[in-house]
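S.K.: Chain A is already provided as a structure; the job is to place chains B and C on it using the hints.
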Amino acid sequence: MPWIATIVLVAVLTACTREAPQNAATTAAGEVNSSLTVITVNYPLAYFAERILGDHGSVSFPVPADVDPAYWSPEPAVIAEYQQADLILLNGAGYAAWVANATLPRSRLVDTTAAIRERLIPIESAVTHTHGPTGDHSHGGVAFTTWLDLSIAVEQARTILEAVVFVRPQHEADFRTAFAALESDLVELDSGLQRKSVQMGKELVVFSHPVYQYLERRYNLHGFSVHWEPDEVPEEAHWRQLQSVLQQHPATIMIWEAGPLEDTRRRLLDLGVESVVFMPGGNRPAEGDWLSLMTEGLAALDRQYKGH
Amino acid sequence: MNGILYMAWRYLAYNRWKTSILVGSIMLIIYLPVGLNVVVEQSGQHLNARAEATPLLVGARGSPLELTLNSLYFSLDTPELTTFSEATSITGSGLAEAVPMYVRFHSRSQPIVGTSFEYFAFRELTLASGRMPALLGETVLGASAAEALGVGVGDAVVSSPETAFDLAGIYPLKMNVVGVLAPNFTSDDNAIFVDVKTTWIIEGLGHGHQDLADSAASSAVLNRTEDNIVANASIVQFNEITEDNIDSFHFHGNLDGYPLTGVIAVPKDEKSGVILMGRYLDSEANNQIVRPRDVVTELLDTILTIQQFIVAAVFIVAVATIATAALVFLLSLRLRRREIDTIGKIGGGRWHVASMLLAEIVIVLVLGGALAAGLTALTWRYGSAIIESVVMA
Amino acid sequence: MRFHYGEGDFCLDVPSLQVASGERVAVVGPSGSGKTTLLNLIAGIARPQSGDIVTASHKLADLDDGAVRNFRIERIGLVFQEFELLEYLDVLDNVLLPYRINSSLRLDATVRQRAVSLLQSVGIGDMLDRYPDQLSQGEKQRVAVCRALLVNPPLLLADEPTGNLDPANKGRVLDILLDYATANKATLVTVTHDSDLLSRFERVIDFRDFLGQPE
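Chains as they are written, first to last, in this note's numbering: chain A, 211 to 518; chain B, 34 to 426; chain C, 32 to 246.
Bear in mind the hints are in silico, worked out from the structure with no lab data behind them.
For glycine and all other residues, C-beta sits at the position ideal for the given N, C-alpha and C.
Among the hints, a few may not be true.
Unchecked claim - If the Cβ cut is set under 10 Å, some of the chain B residues that face chain A in the computed set are:
hint, residue
1, M165
2, A167
3, L168
4, T231
5, H283
To be verified - With a cut-off of at most 20 Å between alpha-carbon atoms, the simulated DMTMM-like pairs for lysine to aspartate or glutamate come out as follows:
hint, chain 1, residue 1, chain 2, residue 2
6, B, K207, B, E276
7, A, K406, A, E467
8, B, K301, A, E372
9, A, K406, A, E506
10, B, K207, B, E113
11, B, K51, C, D164
12, B, K51, B, E372
13, B, K51, C, E118
14, C, K216, C, E105
Extracted from the complex, chain A is given alone in its bound form:
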């Protein structure tokens, strides 16, 4: 039986002079008495986690302030930070593509949209590729700014709640109380946006960036997207494209991720389009927090549509 020789050989190769280390099975519960460390891939999740955790843990969001977290690629030293956290909150929906190519502890990953995959919005214009006529293929992507649908934001926050309760059950009561308060704020914001959408009726809008799919769907905003940067002067070809679309789709406001250049704003006004800033809030703002950011966005819409 030559395999017996192989077995003995394998066994001998692993022989040593001291005892092998004991099994150190890691459990999701972790060290019950230590403070919980949570790290996230975007700011909305960091905000939700901060609200829910309170004093029972720390939340880390290492993305630099001037970077879009969706397209950020961290250095290995930062990935090490993710590896050491107790919980790693992912947005899901393909947000933060770097996660797919990183080595992260699977047992500590929390995909906050895993439970509501059916509500994710596919991107219709994505170009896929295949290898050979009948070979492997890649699917198109989905839109990932899920939190702009405040009802989805509630579900994401709820997933975070369940995750922290699982690892720190002794603080469940505090976590649920904190979540209730957060949920209340989100529901109130959602209601405000719902009312605004009713007010806006069939008003047409232009989105400066294709990141408002969930806002559009949830709040029945009738719009189309261009791809303009707020801090850049749009090219003439872009203006021509916009004018052409406006003829079919006479929008009266353009929703921006950030305040546009003054020249751009004025030229848009000449076309009858007012600029409204509704920051998606993917990264931490210079002032305020995520909720104030969303509230300010609602207020901007409010100001815009009070006059209509």
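M.R.: Just chains B and C now, with coordinates in the frame of chain A:
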């Protein structure tokens, strides 16, 4: 007593060849069963320790021994493959933590172990230098693997092709060494650890290539429609994952269908373990769950039986060897008749002469025994390393 | 005394033989006449079937085997025709042999020094670490003589000590034995075929007188 020993020693030293053969024979007779016992004992201890440290193992239905040897000791005999969905399913059940294992490829003589980040904490592996792998294509080496391959942090290792002549098969992937583990005197020392996704890239299930939308890749495009580009076989695929091309790496299809050689399951508690085992009781199921401890116990019982046969054979050889040695001794007595007479004539005591001859036997036995003891000690300390260097050479 | 080997025809019948203390005696006789046997009997290596042998005032018949060996090793120096050196011992160890094979003799630094001196006195002091197969016949016999003289025996029994030597070495070895006997007033009984050497002895015993018939 000194005179007796001195005389015996001088005789043996003068007849060094005869003495060496006798001592060597005695040494072998003693060492073979004892050394074998040491090897088997040590091997058994380490097999057991490793198995005890691994609660449950899930894999495709087939040989439990092959599954255990591959997942725990990284033998390159690949068992039947299961899929990543098993790991997902186990994690999703909440009953256990799942550590995926894909041990199929190697870099020269060292096994490449595709696994997850949890593996390192599970096995209590610590770094001696560098850091843990953070990205696809990065690798952390066991201490012995680093030494065998002569690489350290900042160097690279290349996966070996599965077959030398299969041009369309698995091609080498260059992986960057970012860390070297501290020795922990288990199979882990010999391994090259990578993210399981990296092993899928080695296999060609995942890859990085030119952007097909780029004009530079036009020659690689077979067909293009509004929403899909079909690539032909001439497309350049990267055989190294770098900072510049990592974003191009992707996997086609659902990762749940990707292959694994096994999944280590670490139950939350005993009850969860029992429930998990119950899920695999269906004989029609494609997968099986094993307790490595049970598999290794059965294996060691088999090895013990073989060992007993070997010891019996050695015993028979020993009897023959001792009989031959006795014959040699008696014949040499005849040849030494004149010497013995001379000693007697000069006035040597009969007891002295007998003691001298007996001392020769005792010295041979003691030397043989001491050498056997020394070899046994060396075997206990270095046996595994020596065998490894002979086999790996 | 009478001595015979088993059932054979040979028989040694010595009605009386006396050798005085300090006497240097040569024993001659035809081959097979029993000269070697006589020396063995004197040394206690063989025992007669009848009669008494008194060697150095000791009646050998009164001693058991062990006592005879002790007596022999302490008081009798034996030199053989074939040298009888042990091939696996060097020159010095061959000379020291008596001290290693009988616990009645104690080997110490004084004995070693005496052995070295003896070897130097016979001209082979620079060959201490050589082995018998590296020595000439004469050198071997000189080693054997030193071995016999190491215990300062009062009685020397030499069986054809020059039988295998060339003329130069014959004289040299005999000189050593005779010089020792003279200087130490030791008794020397030498079996020899060499008629040239007989004049150097005080008395010659002709062995033809002792041959007898077994009963």
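S.K.: Evaluate each hint against the coordinates.
M.R.: For each hint, the structure was consulted:
no., hint, result
1, M165, "6 Å, holds"
2, A167, "4 Å, holds"
3, L168, "6 Å, holds"
4, T231, "9 Å, holds"
5, H283, "6 Å, holds"
6, B:K207 with B:E276, "13 Å, holds"
7, A:K406 with A:E467, "19 Å, holds"
8, B:K301 with A:E372, "18 Å, holds"
9, A:K406 with A:E506, "13 Å, holds"
10, B:K207 with B:E113, "26 Å, violated"
11, B:K51 with C:D164, "19 Å, holds"
12, B:K51 with B:E372, "18 Å, holds"
13, B:K51 with C:E118, "15 Å, holds"
14, C:K216 with C:E105, "16 Å, holds"
Violated hints amount to a single one, hint 10; each of the other numbered hints is respected by the structure.
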